[in-house]
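Letter by letter, the sequence shown follows residues -24 to -1, 1 to 231 in mature numbering (1 follows the signal peptide of the UniProt record, and there is no 0).
Worth flagging that the hints you see were computed from the coordinates, not collected in a lab. Here the structure is a predicted model, which is why all the values come from computation and not from measurement. Where is the CB? At the ideal position from N, CA and C, for every residue including glycine. Accuracy of the hints is not assured; some may be wrong.
[Unchecked claim] Per label pair, the in silico range of CB-to-CB distance: (1) Ala166 / Gly57: 34 to 42 Å; (2) Asn11 / Asp41: 12 to 20 Å; (3) Pro178 / Ser54: 49 to 57 Å; (4) Ser183 / Thr22: 36 to 44 Å; (5) Ser175 / Thr20: 37 to 45 Å; (6) Pro107 / Gly12: 40 to 48 Å; (7) Leu109 / Val44: 41 to 49 Å; (8) Thr113 / Lys13: 54 to 62 Å; (9) Asp211 / Pro170: 27 to 35 Å; (10) Thr37 / Ala182: 42 to 50 Å; (11) Asp52 / Pro170: 19 to 27 Å.
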Amino acid sequence: MIRPWKVFVSAAVGAAILPCTAFAAPTITITTPENGKAYAKGSTLTLAYTCSADAVSCMATRGSDPAVLASGAALDTSTVGSSYITVTARDAGGSTAVSQSAYSVTESGTDPGNVPATLNLNLGTPTAFSPFLPGLTKDYFATLNAQIVSTAGDLTLTVNDAATTNVGKLVNGPHALPQAVQAGAVKVPATGTPPAPSSYAPLGGASNPTTLLTYDGPVSGSAAITFKQPVAETDALRTGSYTKTLTFTISTTTP
């Protein structure tokens, strides 16, 4: 099965002198085809998906074909083989979510023992930084939870700031914080509270994303991502909200 090797999801993180709200990407539900299910050759298969109400754009494609498919479209089952549906949703603020469902068409409608190629990333709702206080040296923190499901042989989770100006820095209109946002992440244990990251790295741009976590096998779990914003006593702060939209990517070299 040919599968995308990367999945991109965007989320906005922000802070303010007055509290502000951070926004997560829209949510997507793919009802049919079911991920991992086999359908009989020649059977009727109807695409069904929805996006949350905050999505201003919600569209699906099949495999590598760029043609957009609406929910309710008939999917071809005349040929035995594997394929996948990709649904992309975007809200008014530019935050984007991607969800995929892999399926197969077989002679009998069964495919015993088969594990479809899967690479999915879903972000939770990020917390906002507490209000930045002028004239005080302090580190501020915000968190974000990510759900990762992958059947690949390895995986890397990265984050980047795709902006072309003030890369890696929170901005408030034309004003940017002097110091870049830093990011770190830990794998969430099955039980108990995840520890804080042991290290943080400045946010990179689209050409040099910041690596948050690596995995050496299949994944089905959560990652706890923490953002650290240093503010120095001498940093000049503008009244209002400082925000930045970031792009998170999971990628593999061994799908």
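Just tell me: holds or violated, for the beta carbon distance of threonine 113 and lysine 13 against 54 to 62 Å? Given range 54 to 62 Å: holds, Cβ gap about 56 Å.
Starting from the range 34 to 42 Å, see whether the pair alanine 166 and glycine 57 falls in it by beta-carbon distance. For glycine 57 against alanine 166, whose Cβ atoms are near 36 Å apart, the range 34 to 42 Å holds.
Whether the CB-CB distance between asparagine 11 and aspartate 41 falls inside 12 to 20 Å: 19 Å, holds
Given the hint of 49 to 57 Å, is the C-beta distance from proline 178 to serine 54 inside that range or not? 52 Å, holds
36 to 44 Å as the expected CB spacing between threonine 22 and serine 183, which holds or is violated: 41 Å, holds
Aspartate 52 and proline 170, beta-carbon distance inside 19 to 27 Å? 44 Å, violated
Could you tell me whether the CB distance from proline 107 to glycine 12 stays inside 40 to 48 Å? 46 Å, holds
Could you say whether the range 37 to 45 Å given as a hint is met by the Cβ separation of serine 175 and threonine 20? 53 Å, violated
Within 42 to 50 Å: is that where the Cβ-Cβ distance between threonine 37 and alanine 182 falls? 23 Å, violated
Between the beta carbons of leucine 109 and valine 44, is the distance compatible with 41 to 49 Å? 48 Å, holds
Between aspartate 211 and proline 170, does the C-beta distance stay in 27 to 35 Å? Taking Cβ atoms as reference, aspartate 211 and proline 170 lie about 30 Å apart, which means the hint holds.
When the structure is compared with the earlier hints, violations turn up for hints 5, 10 and 11 and for no others.
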